[in-house]
Amino acid sequence: MSEKKTNRRDFLFTATYAVGAVGVGATIWPMIDQMNPDASVKALASTEVDVSDVNPGKTITVLWRGKPVFIRRRTQDEIAEAKSVKLEDLKDPQKDEDRAKDPEWLVMLGVCTHLGCVPLDQKGDYNGWFCPCHGSHYDTSGRIRKGPAPTNMEIPKYEFVDSNTIKIG
Amino acid sequence: MSDHDYTPKSKVGKWFNDRLPLLTLANHLTEYPTPKNLNYWWTFGGILTFCLITQIITGLVLAMHYIAHADMAFDSVEHIMRDVNYGWLIRYIHANGASMFFLAVYIHIFRSLFYGSYKSPREIIWIIGIIIYLLMMAAAFMGYVLPWGQMSFWGATVITNLFSAIPLVGEGIVTWLWGGYSVDNPTLTRFFTLHYLIPFLILGLVVLHIWALHVPGNNNPVGIDIKKPSKDTVPFHPYIVIKDGFALLMFMIVFAFFVFYTPNILGHADNYIEADPLVTPAHIVPEWYLLPFYAILRSVPDKLLGVVAMLSAIFILAALPWLDTSKIRSAVFRPLYRQFYWILVADVLILGYVGAMPAEGLYLLIARVATAYYFLHFLVILPLLGLKEKTLPVPLSITEPVLGGSINFASAKNTERSNK
Chain A
1 MSEKKTNRRD
11 FLFTATYAVG
21 AVGVGATIWP
31 MIDQMNPDAS
41 VKALASTEVD
51 VSDVNPGKTI
61 TVLWRGKPVF
71 IRRRTQDEIA
81 EAKSVKLEDL
91 KDPQKDEDRA
101 KDPEWLVMLG
111 VCTHLGCVPL
121 DQKGDYNGWF
131 CPCHGSHYDT
141 SGRIRKGPAP
151 TNMEIPKYEF
161 VDSNTIKIG
Chain B
1001 MSDHDYTPKS
1011 KVGKWFNDRL
1021 PLLTLANHLT
1031 EYPTPKNLNY
1041 WWTFGGILTF
1051 CLITQIITGL
1061 VLAMHYIAHA
1071 DMAFDSVEHI
1081 MRDVNYGWLI
1091 RYIHANGASM
1101 FFLAVYIHIF
1111 RSLFYGSYKS
1121 PREIIWIIGI
1131 IIYLLMMAAA
1141 FMGYVLPWGQ
1151 MSFWGATVIT
1161 NLFSAIPLVG
1171 EGIVTWLWGG
1181 YSVDNPTLTR
1191 FFTLHYLIPF
1201 LILGLVVLHI
1211 WALHVPGNNN
1221 PVGIDIKKPS
1231 KDTVPFHPYI
1241 VIKDGFALLM
1251 FMIVFAFFVF
1261 YTPNILGHAD
1271 NYIEADPLVT
1281 PAHIVPEWYL
1291 LPFYAILRSV
1301 PDKLLGVVAM
1311 LSAIFILAAL
1321 PWLDTSKIRS
1331 AVFRPLYRQF
1341 YWILVADVLI
1351 LGYVGAMPAE
1361 GLYLLIARVA
1371 TAYYFLHFLV
1381 ILPLLGLKEK
1391 TLPVPLSITE
1401 PVLGGSINFA
1411 SAKNTERSNK
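Residue numbers (this note's numbering), protein chains in the order written: chain A, 1 to 169; chain B, 1001 to 1420.
In isolation and in its complexed conformation, chain A is listed as follows (with noise of 0.2 Å):
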């Protein structure tokens, strides 16, 4: 039995592989990179808000990045069931200071976080978002309290250009 050795085949057939495999490599990724977002979904960015005519208790909505973005100018009875719960409760813990930067402005993303659906205002066990895809619910500050939902509803980058707009993106 003679000790394997090294030779130029071998060492031909390794380079062929490697190069073979980066030559596969690049031929596929643009195949599977052009489903990607491209540059001019990307620069659909940002979206400016008129709130001005938002009182209390009430929700709008407006469509940023083709999703909804709910704007609620909260109650202060919202503002202290929000504030009243404790982290311990929640699955996905986050104080409602975190959440508002002004706690009368709820700006948030109206998605629900289990599988894409637009929960409805006011619903639900914690007067705050109720899913009627998989029945989850959150509170008045949307946070995720019951249901299969794993995060609570996301917070977009946003700011107050004036006092009576916002800047979300």
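Please note that the accuracy of each hint is not assured.
[As the list claims (entries may be wrong)] Output of the computed footprint for chain A on chain B, the stretches with three or more beta carbons under 8 Å from beta carbons of chain A:
1. 1172 to 1179
2. 1276 to 1283
3. 1298 to 1311
4. 1353 to 1360
[Unchecked claim] Straight-line distance between alpha carbons at most 25 Å, and here's what the computed DMTMM-like set of lysine to aspartate or glutamate pairs gives:
5. 42(A) - 1171(B)
6. 167(A) - 53(A)
7. 58(A) - 1276(B)
8. 86(A) - 1302(B)
9. 123(A) - 98(A)
10. 95(A) - 81(A)
11. 91(A) - 121(A)
12. 167(A) - 1276(B)
13. 123(A) - 1276(B)
14. 58(A) - 48(A)
15. 157(A) - 1171(B)
16. 146(A) - 1360(B)
17. 42(A) - 1276(B)
18. 42(A) - 1071(B)
19. 123(A) - 81(A)
20. 91(A) - 1360(B)
21. 123(A) - 1302(B)
22. 123(A) - 1270(B)
23. 146(A) - 1302(B)
24. 95(A) - 1302(B)
25. 91(A) - 1171(B)
26. 123(A) - 1360(B)
27. 86(A) - 97(A)
Keep in mind that the hints were calculated from the coordinates and are not lab data.
Note that the structure is predicted; figures quoted are calculated from it, not measured.
Note that beta-carbon positions come from the ideal geometry of N, C-alpha and C, so glycine has one too.
Use these hints to put chain B onto chain A, whose structure you have.
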């Protein structure tokens, strides 16, 4: 098989067949020895072939009039319904054809489950069948998105979001599937492309399915191995062709009833409202044929585990030939399995029913029990049953009991009666 030494009679035929043996193939399909005791549950293979061809032809015609664009898709479907000559007919055949296709495939699958057609040596036929079934679900789902109604849009949103349950890369995959940050025009155009492609993949797999079938030959209601060709078999043509043809006619009556008398009963009224990304319909449900899996998804209170349970419910079928440890194929000779079989049928129907109901209260409880039983059936009951069950004596051939000469079969019947 003896039909492979076929020689065409004519000189031209022989010349052609020596170069491309198509005539040998045709002869094989004609003479193919088939068990003579096949009942009407065996006619659904032919019916399914008819369904596939119907979907491909009507689909091609619809694609001539349909516009795959988020702004125009909904209107183009209405254009097909109102303006295109016979467009309503072609679209109703295509839409109801999907339901008929699934009706037939479920009967076909449950036929296999009852008569043990998935067992050795037919595992590959069975697994190809499961792949076809998966592709059918993918095609049906993507086809349902194309009219761009409310159910289309939200169905697409929910199903694509299933992938977001995958840890770390889930969100990236969903964005990639969408080609944006939500279901939108890029999603629609790629779904149209894939919806067009999949039926041809299915067609290829059907060829493999039949090829794999023709190696061991058909299983039969008695579930025993038979000698081919022999007194136990008849040639495929004309015997099975006529029987399949008659069953197909009966099936087409049901099909035509839906198309002409109640074409929308299997759909959802919400899908006649154009897609609106701001409003989710109050009660969102998939098409009837996906309801049992939908019920399993909703019965698990955790996102990732719910998705895992739903996919496992389908993939577990592929492992069935190894989960079922019984050597006896047909449920006719398995008195206990036969009862569990019907419980499974009831279980799947119950899952389908609760899948259409809101996921709360009693419905949720029933869905959970039924989901648990579904897995129990495949993972616990089937493996144990094969080891414990006392099966009835199996006849030695198909001809024996028919000619009244089988002591085996008569005693099987007697034991069965005395057991009750």
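Exercise. Given the proposed pairing of residue 146(A) with residue 1302(B), does the C-alpha separation stay at or below 25 Å?
Worked result: Between residue 146(A) and residue 1302(B) the Cα gap is close to 11 Å, so the pair holds against 25 Å.
Margin query: Please verify the coverage claim for the segment 1298 to 1311 of chain B: does it have three or more residues whose C-beta sits within 8 Å of some C-beta in chain A?
Written below: holds (count 7)
| message | Taking beta carbons only, do three or more residues of the segment 1353 to 1360 of chain B come closer than 8 Å to chain A? | response | holds (count 3)
Report holds or violated for chain A covering the segment 1172 to 1179 of chain B, Cβ cut-off 8 Å, minimum 3 residues.
Holds, because 5 residues of the segment 1172 to 1179 of chain B bring their Cβ atoms closer than 8 Å to Cβ atoms of chain A.
Straight-line alpha-carbon gap residue 123(A) to residue 81(A), limit 25 Å
holds, 15 Å
| Between residue 123(A) and residue 1302(B), does the CA-CA distance stay at or below 25 Å? | holds, 21 Å
Handout entry: Pair hint outcome, residue 91(A) versus residue 1171(B) [Cα-Cα no greater than 25 Å]
Key = holds, 20 Å
Does the alpha-carbon distance linking residue 123(A) and residue 1276(B) stay inside the 25 Å limit?
holds, 21 Å
Self-check item: Given hint residue 1360(B) paired with residue 146(A) - CA-CA distance at most 25 Å
Solution: holds, 12 Å
- Query: Are the Cα positions of residue 95(A) and residue 81(A) separated by 25 Å at most?
  - Reply: holds, 12 Å
**Item:** Distance restraint between residue 123(A) and residue 98(A), which requires alpha-carbon spacing of 25 Å or less
**Value:** Distance of about 23 Å is within 25 Å: holds.
Exercise. Could you grab the alpha-carbon distance between residue 95(A) and residue 1302(B) and see if it respects the 25 Å cut-off?
Key: Satisfied, since the Cα-Cα distance of roughly 23 Å is no more than 25 Å.
Taken one by one, the earlier hints all hold for this structure without exception.
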